[in-house]
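*Asks:* Sequence:
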Amino acid sequence: MFNVTFLPQGVTVQVPKGSTLLDAYRDTLLPLFSGCAGLGVCGRCRVRFTQKAPPPNSGDLEHLTSSDVEAGYRLACLFRVEEDTQVEVTFSDVGPAYKHLDVFQEVTAELRPSVYSRREGDRELIFFDDELLQIRQALDDPLMGVALDIGTTTLAAYLVDLRTGVQKAALSARNPQAAYGPDVISRIGYTHFSSKGLSRLQLLCLSTVWRLILQLIRLGGCALEDIFHLVVVGNPTMLHFLLGIDPAPIAVPPFTPSFTEGKILPLKGLPLKGLLDEAKLETLPLISGYVGADAVAAALFLGMERRKDTCLVLDVGTNAEVLLGHRGRLLACSAAAGPAFEGGRIRCGIRAQPGAIDRFFYNPEKDSLLYHVLGGDKPKGISGSGLISLLALLVDSGILLPSGRFHKDACSPLASRLRDAGNGPELVVTSNEGREILLSQRDVRELQVAKAAIAAGVERLLEHAGLSPNQLDWVYLCGAFGTSLDPCAAVRTGLLAGIDPERIICIGNAAGAGAKMDLCQRDLRETVASIARSVEYLELSSDPHFNDLFVQHLLFPS
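Under our numbering, the first residue of the sequence shown carries the number 1, and numbering increases by one thereafter.
Please note that the accuracy of each hint is not assured.
Below, a list of computed lysine-lysine pairs in the DSS-like style, where the Cα atoms sit at most 27 Å apart [said to hold, decoys possible]:
1. K17 - K168
2. K366 - K408
3. K52 - K17
4. K168 - K268
5. K273 - K196
6. K380 - K366
Hint data in this document are derived by calculation from the structure and do not stem from the laboratory.
Here the structure is a predicted model, which means the values were calculated and not measured.
Take the sequences, apply the hints, and build the full model.
*Replies:* Right, here's the structure in full:
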């Protein structure tokens with residue numbers, strides 16, 4: 001066994017000979033986003049050897065500049081430990097551990113939660129539906145529930161007073177499973193190759209849920225034993241990991257999950273220390289292997305099962321879930337967008353966090369490229385919405401051709417920002433204290449693939465329903481990506497091709513809102529099950545026309 005020390009955290013772990021530095025860093029449980037699950041193709045896991053650096057290998061030379069190599073930088077996933085080692089980490093996810101979400105003091109119109117109480121003298125009886133959970137002294141102690149949205153990148157949690165329906169606190173946290181890959185396929189692969197992979201990913205998920213709940217009760221002024229009900233939504237793979245159920249069938253045709261029905265389980269046996277064994281964990285039903293309970297919850301929140309108009313719901317993540325409602329008819333598909341819009345496989349891409357550029361502007365009079373940075377910090381990278389905003393600006397200026405190639409001879413002052421790099425041209429976006437933020441030709445290709453997958457999925461689903469984009473009354477963008485996305489930029493780049501920007505609405509975490517509704521209204525359980533059963537699912541991976549549309553949408557609109 002050898003000691004590996006990571007700076008500036010000052011954390012040391014012991015690993016067997018031959019382990020990679022990336023494996024060692026995973027053992028620290030420090031925040032980490034692995035853009036390619038350690039395959040050596042994204043170039044983001046840079047570390048600097050504080051003493052003599054080993055000779056660079058071909059992967060280092062491909063992804064690092066000559067000055068970086070000379071300064072002692074190497075890729076952590078490609079270096080195998082043969083002795084005690086000390087390195088400086090530059091690739092950890094440096095965003096805040098927890099992010100406060102907006103707290104809306106909403107009260108549901110009909111408050112009928114599954115958890116309720118009845119007083120008998122000086123005793124209070126706590127029920128879940130008709131099941132007696134606990135008898136306690138009647139002191140009017142809080143009666144609380146938690147709604148959770150478990151995403152591939154982020155977990156969001158909401159603490160709700162079940163006596164009033166008022167939300168008391170809301171937080172989000174990074175999904176620590178990102179250390180094992182940016183997407184669900186990478187993580188399923190990890191469970192296949194590691195005998196303890198499934199149990200490890202379950203523990204990472206549950207420990208993050210537990211830490212979120214600890215923070216929520218501190219903010220909400222209650223105790224762990226006051227929580228009686230957890231309602232959880234998320235994509236199918238995340239819910240499999242949460243429950244410790246093997247998600248392997250999701251990764252191979254016909255992509256069938258091990259379960260689709262909603263579940264209600266006691267917390268007993270789960271590593272959620274301090275919560276009552278009798279408390280209930282409820283998961284909403286799934287639609288398919290790649291459209292999950294989060295889509296069902298979003299449909300519930302928007303009332304799609306009873307609407308008379310035509311609307312599209314788009315939740316962009318590593319797998320983009322597309323839900324279409326047309327006069328009560330519901331259809332869905334999932335497009336494999338990859339992690340580009342969440343910062344994965346993009347050289348200077350990061351999640352939507354403080355320091356992320358989320359929007360660009362161009363001032364032709366001063367020939368200046370302006371941008372907005374989340375949190376008002378110095379820029380550290382570009383978020384997904386910022387990348388779309390930048391692409392739209394470059395397409396408009398002629399810097400990007402419809403093919404996606406940089407045009408060095410464009411009649412735009414921005415062309416002066418282009419320069420030749422070893423593996424193609426790149427655009428200098430900004431320089432911050434000597435660290436440049438760049439957009440490379442390879443980055444553009446990754447973004448083209450991501451936006452083409454989503455655009456083709458939307459068009460194919462509309463075609464399947466016999467509709468065209470101009471027949472959509474509303475398009476709802478969900479999740480962190482959709483919250484700050486400029487609708488005009490989405491249309492200009494072809495991400496939402498042919499759609500009127502005036503009809504595009506960013507609604508935040510619709511899945512979390514739907515989970516809160518289910519938490520507060522037990523009568524909605526049958527509505528949720530009915531939504532999941534009624535959705536017509538279109539499998540794009542076996543649809544030949546989808547591939548044709550995908551190729552067409554690789555181009556930017558001219």
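*Asks:* Any of the earlier hints contradicted here, and which numbers?
*Replies:* 1
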